[in-house]
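Novice: Here are the chains, one letter per residue:
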Amino acid sequence: MSNLVYEAVNWNKPTSELAQIFWDQQWKQIWFPEEIAVSKDIKQWQSFEHQETYKKVFAGLTLLDTVQTNIGMNQIATYATDLQEKAVFTVFGAFEAIHAKSYSYIFTTLCTNSEIDELFEWVKKNEYLQYKASKISDIYNSIEEGNAESLWKAMFSSVMLESFLFYSGFFYPLYLGGQGILRNSAEVISLILRDESIHGVAVGFFAQNLFKQFSTEKQDELKVWGYELLLDLYHNEMAYTDDVYAETGLSPEVKSYVRYNANKALMNVGFDPMFPEEEVNPIVMNGIRNEGSTYDFFSQKGSTYAKAKVAPITDDTFNFGERK
Amino acid sequence: MKTYLKLNNDVLNRYSSTGQLELEKDREATRRYFLEYVNVRLRYFIDVEEKIRYLVDEGYYEKEFIELYDMDFIKKLYKKAYDYNFRFPSFMSASKFYDSYALKSRDGEEILEKYEDRIVIIALYLAQGDKSLAERAVEAMMEAYQPATPTALNSGKRARGELVSCFKLSMDDSMNSIAENIGYCLELSRLGGGVGVNLTDLRPLGDPIKGILNRASGVIPVAKLLENAFSYSNQLGQRNGSGVVYLNIFHGDIENFISSKKPNADDKIRLATLSTGIIIPSIFFELMKRDKDIVLFSPYDIYREYGKRMSEISISEMYYELLDNPNIRKIKRLNARRLYTEVKKAQFESGYPFEIFDDNVNDVHPLKNIGRVKMSNLCTEILQVQETSVITDQGEPNEYGLDVSCNLGSIDIHAASKADDFGQLVDTAMRLLTNVSQMTYIQNVPSIAKANQIMHSVGLGAMNLHGHLVTQGILYGSKDSIDFMDCFMEAMNYYSLKTSMEIAKERGETFHRFEESEYASGAYFKQYVEKEEKELSPVVLNALGKVPVITKQMWQNLKEEVMKHGLFHSYRLAIAPTGSISYIRSCTASIAPCTERVEVRDYADSRTIYPMPHLNNDNAHLYVEAYDVNAYDLIDLYAAAQKHVDQGISMTLYVTDAWTTEQLAKIYIYAWSRGIKSVYYVRQRLQTLEECVACQI
Ligand SMILES: [Fe+2]
Ligand SMILES: [Fe+2]
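Chains as they are written, first to last, in full-length UniProt numbering: chain R, 1 to 324; chain X, 1 to 697.
These are computed hints drawn from the structure, not numbers from a lab. Backbone N, C-alpha and C define an ideal beta-carbon position, used for all residues, glycine too. Any given hint could turn out to be false.
[What the hints assert, rightly or not] Straight-line distance between alpha carbons at most 25 Å, and here's what the computed SDA-like set of lysine to any residue pairs gives:
#1 R:28 x X:372
#2 R:43 x X:228
#3 R:307 x X:6
#4 R:307 x X:263
#5 X:104 x X:39
#6 X:6 x R:276
[Said to hold, decoys possible] Chain R is nowhere near these chain X residues, computed Cβ spacing over 12 Å in every case:
#7 87
#8 109
#9 421
So here's chain R without its partners, still in its complex pose (with noise of 0.2 Å):
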C-alpha cells in the first residue's frame, strides 16, 4: 500500500471560481442525438448536391471530438489540480463522447454501411485532418505533473480545438441549415456548438488563471509559443477548407468563418485577436444564436427546456400582497 493521501472533492465551499457556474450550465444544457429528428433530412438528403463535402465535413470533426474525449478532457482532467475543476472537465468530456456519437447516428440516418466504412477509412488518410490531431494531441500528451506550463499549453490548445479548429466544419451545416436545407442535422450542429462554446470560455478561463501565475518572461515566450501554433494550425486549416469544400465554391467564406473563430479562441485566452475584422456570412452567424429561436410546437423537443430548480410550495406562495 502506498502513503498516498487521498483527498475527497468538495463542493460544500468553493475551491475554484466559477467551476459550479460552468458544471451547472453544462449540465442545464444536456441533450441526446436522438432526440433530433434527423430522418426528416432524409428525403433531401437524397438529392443534395455536394454529398461528398458534407459527410467529410462530419467525418472532420467527428474525429476532433473524438480526440477531445479521449485525450483532450482526460488529460486536462487528470492534470488540473483543482478537484472541482477536475470534475467539471470531465463532464465536459462526457458531452464530447455524445458529440463524437451523434455524428455516427446522422451517418446512420443518412448513408449506407459502406459510405461510412469509406468515411473513416478518409479520415485516417487525410493529412491536413490527421496534421491538426497529431498537432494538438502531442501537446496534450506532453502535460507533465506538476508542470503548470505544460498544463496551460495543454489548455490553450484545446481552446484552439474547440472554438477555432472546429468551425470550418461547424460552416457548412450552419450555412444550409440557415436556408432550410438539411436543418435537422443542423440543429444537431447547433447543439454541440452551444457546448463547445463552453467548454472554450471555460478552459480558455481556467487557462487565464494559470497564466496570471507565470513571470513576465514566461507569459511572453508562452504567447510567442501560442501565436505561433495558432498560425500553424492556420495554414493547416486553410489548406484543409480548400480540400474539403473544392467545388462547393464556399471557400472563400469559410476561411472567413475560421479567422472570425480564430480570433474568439484567442480571446477565450485573454490574447489579443490576430486577424483583421472581416464580414462573416449573417446566416451562419445566425446559424449560432438558436437560444431564444421561437419554440416550434409540433417539433418533439424544443432546445429551450432544462432542469427545473426545485423549491417547495409554502404559505407564502398563496399571499400576492407583495407581488410586483
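Assemble chain X with the ligands onto chain R, guided by the hints.
Specialist: Same frame as chain R, but now just chain X with the ligands:
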C-alpha cells in the same frame, strides 16, 4: 446562395451586434424576393376571366362556387381587392404567404395566386353566392380580419383539406369507446386536425375489470395508443400528428400522467409527441393552500355509485361527499403541495402539462344548465360542453353525444381600431365563420357532425395586441394596456352577440337548447347591465380609435333582444395562439407579448428573421420581450380579456431558468385566483453562458 435570405439574416446579425435596426435591409430582402423568386414563378394571365377559367378548367379551383356569381361581379371584386394597393410589409410576411398559402401548380414550380387573389377566392367561397357578403368579406380581410390557416389555405381549392382543424373528443370507460375514438383520431389527423381527447372517465391502473381487481391498465397505455394513431397520419412527414389528452388531477393515474412528458421518463410511460393537460378543480387549490393531502379517485367507482362519469360531476362540489362515501375507494393520498411541485417540475423540463382551471371555466359557463365543459383542445382556447357517446357492440346502434369541431378567425386589433365600422367588421367575421361551420361536415365522426349541425359554435379571436400598443406608446402590462384590452374585448363580445342574435332572427333558428342557457334567462348579462362605467384615459380612448365603448344602455337593449330572438351560436369567442397566420399580416401573435424584438423563426423551409411590426429604433423600448414582462401584469391583462370571452384564451407563460418551481407555482395560483381559465405552455428561456458569466469574468 439566395441574396434575399442573406439580406433578411443580416437584419438580425446587425441588430445583435450593434443594437441598431436596419429595416431597409429587410425591405431590400422583400424586393429581391419578388425579383428573384416570386415574379419569375408567377403565372401570367391576360385578365381575371382568363385566370378564373384556367384555374377552374385545370381543376385547381372548385367550379361550383364560382358559378354562383356572374363574371362582372367577380371582376369587380378583384378590382376592389387590388385597389387596396397591398404591399407585404416584411420579408417574413411575403415569404410565409408564398411558401405556405398561395396556390401553386401541381409540380410546385408555378405560383398561381397573389395575395389579393387568395383573399377574393376565400370571400367568394365562404360567401356562398351572397354578393354583398362577398364584398364585405374582401373589405374585412383586406383590412382587419384573418380566417384561421385551414380556411385561408383551403378555401376554393378543389384538392383541399378541411376548413376547420380543431377537434375535441370524449372517451368513455369501455373498450368499444376506446377503439371508436382511436378510429376518430386516425380520421381527424388524416384531415390535418389537432385533436383533444378526455381521458378522465377511464378507470385507472389496477382497477377492476368485470369485478376482478388489478386488471385495468389505466390511462397511459391508452394515451400511447393515441400517440401512435396521431403519428400514423403525419401528413407525409410534414408534421407530427397533433393531439392532446386531458386528465383530472384527482384521477388515480395522475402521477404517471404528470411525469409522462419528462425527457427522462421511463419508456413505459413516456409520451414523446402527444401533448398533455390537466384539469384542476378549485378544491385542489384550496386543499393546497391549507397544506392538506388530496385523495385520488377512480371514475369506475364514481360511475357505479352515482351513475355519472367523473368528468360529469364537479369534484369541487362533490369532494367531501366522495370522501365520506365508503363505496368510493380512496386510491391514494398525496400532499397537494408536493404533487403541484411535481407538475411544475414537469413544466420546467418539458413545457407540459397544460392546465385547465375547472371551476373558473364552469362557474361562468353560459351553457352550464346544458352541461359541463370537461376539457380543452390542443391550444387550450376551445372550451365547450360535450356529451359522451355510448358506443355499443357491433350490430347495435350507438348513441351519439356531442363533440366539438371549431373554426377560428382573428381580428387584427391595430387595423380594427382604424376600421370605419367595427360592428360591421365583427359582423362580417362572424358570418364568414358561420358559413365555415355550415360548410363543414365531418362524416366519419358522428358526434362531431351532430354537434356542428345543432350547436353552430365558432371561435373569433384577436391578434396584434402588442403591435398596436407599441404604436400607441402604451407599455404591455400597464394599466392603460389592461383598460384597453378590457374595452376592446367587451366590444368584440357585444358585437359578436349582436350578430349571433341577428342571424338567429333572420333564420328563425337558435343553437340547440338555447332556452336553457344563461343568455335566455338574461343571467349572462348581469355583469354588463350592472357594470360600473369607468373613466378611460385619453391614451386608452385614442388607442381604441373607432372601436366604440359599450355602454350599460347598449347592453340593456341587447339583452332584451337576445332574450327575445335567441342566439345562433352556442359559442362565439376564443383567442387562439395565432402562429404563422399573424406573420402574413405582420401582426404580433394573439394578445401575447412578443418573445423577441427581432424574432428568429425556423420553418421547415428556412430560417426567417422577423422584426416585430412597427418596430423602429425609437420605439424598441416599448417592445418589452415576454420574458421581461412582469408575469403578474401579463396575467392581469389576460384576466381583463377573459371576462368577455365565452370560451378561453390560449395563454403562454414565460420564465427563465433562474425561476424556481415555487415561483412558477405562484403565478399559476395567481392566474387561477384571477379567473383565468387555462394556461397553455410554459416557455423557458435558458440563460446563455454570456449572460451568467459576463458579469463575473
Ligand atoms: Fe465536442
Ligand atoms: Fe468541447
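Novice: Classify the label on residue 421 (chain X) as holds or violated, using whether its beta-carbon is more than 12 Å from each beta-carbon of chain R.
Specialist: holds (35 Å)
Novice: Straight-line Cα separation of residue 28 (chain R) and residue 372 (chain X) no greater than 25 Å?
Specialist: violated (42 Å)
Novice: Is it the case that residue 87 (chain X) keeps its Cβ farther than 12 Å from each residue Cβ in chain R?
Specialist: holds (24 Å)
Novice: For residue 307 (chain R) and residue 6 (chain X), compute the direct alpha-carbon distance and say whether it is at most 25 Å.
Specialist: This hinted pair is violated, its Cα atoms lying about 35 Å apart.
Novice: Between the alpha carbons of residue 104 (chain X) and residue 39 (chain X), is the straight-line distance 25 Å or under?
Specialist: Judged against 25 Å, a Cα distance of about 13 Å means the pair holds.
Novice: According to the definition I'm using, a residue is off the interface if its beta carbon is farther than 12 Å from all beta carbons of the partner; does residue 109 (chain X) meet that for chain R?
Specialist: Fine: 15 Å to the nearest Cβ keeps residue 109 (chain X) off the interface.
Novice: Would you check the hint for residue 307 (chain R) and residue 263 (chain X), treating anything up to 25 Å between C-alpha atoms as holding?
Specialist: The given pair, whose Cα atoms are some 10 Å apart, holds under the 25 Å limit.
Novice: Please verify whether residue 6 (chain X) and residue 276 (chain R) have alpha carbons no more than 25 Å apart.
Specialist: It holds: about 22 Å lies between the C-alpha atoms, which stays within 25 Å.
Novice: Hey, residue 43 (chain R) versus residue 228 (chain X), does the alpha-carbon distance stay inside 25 Å?
Specialist: holds (22 Å)
Violated hints, in rising order: 1 and 3; the structure is consistent with all others.
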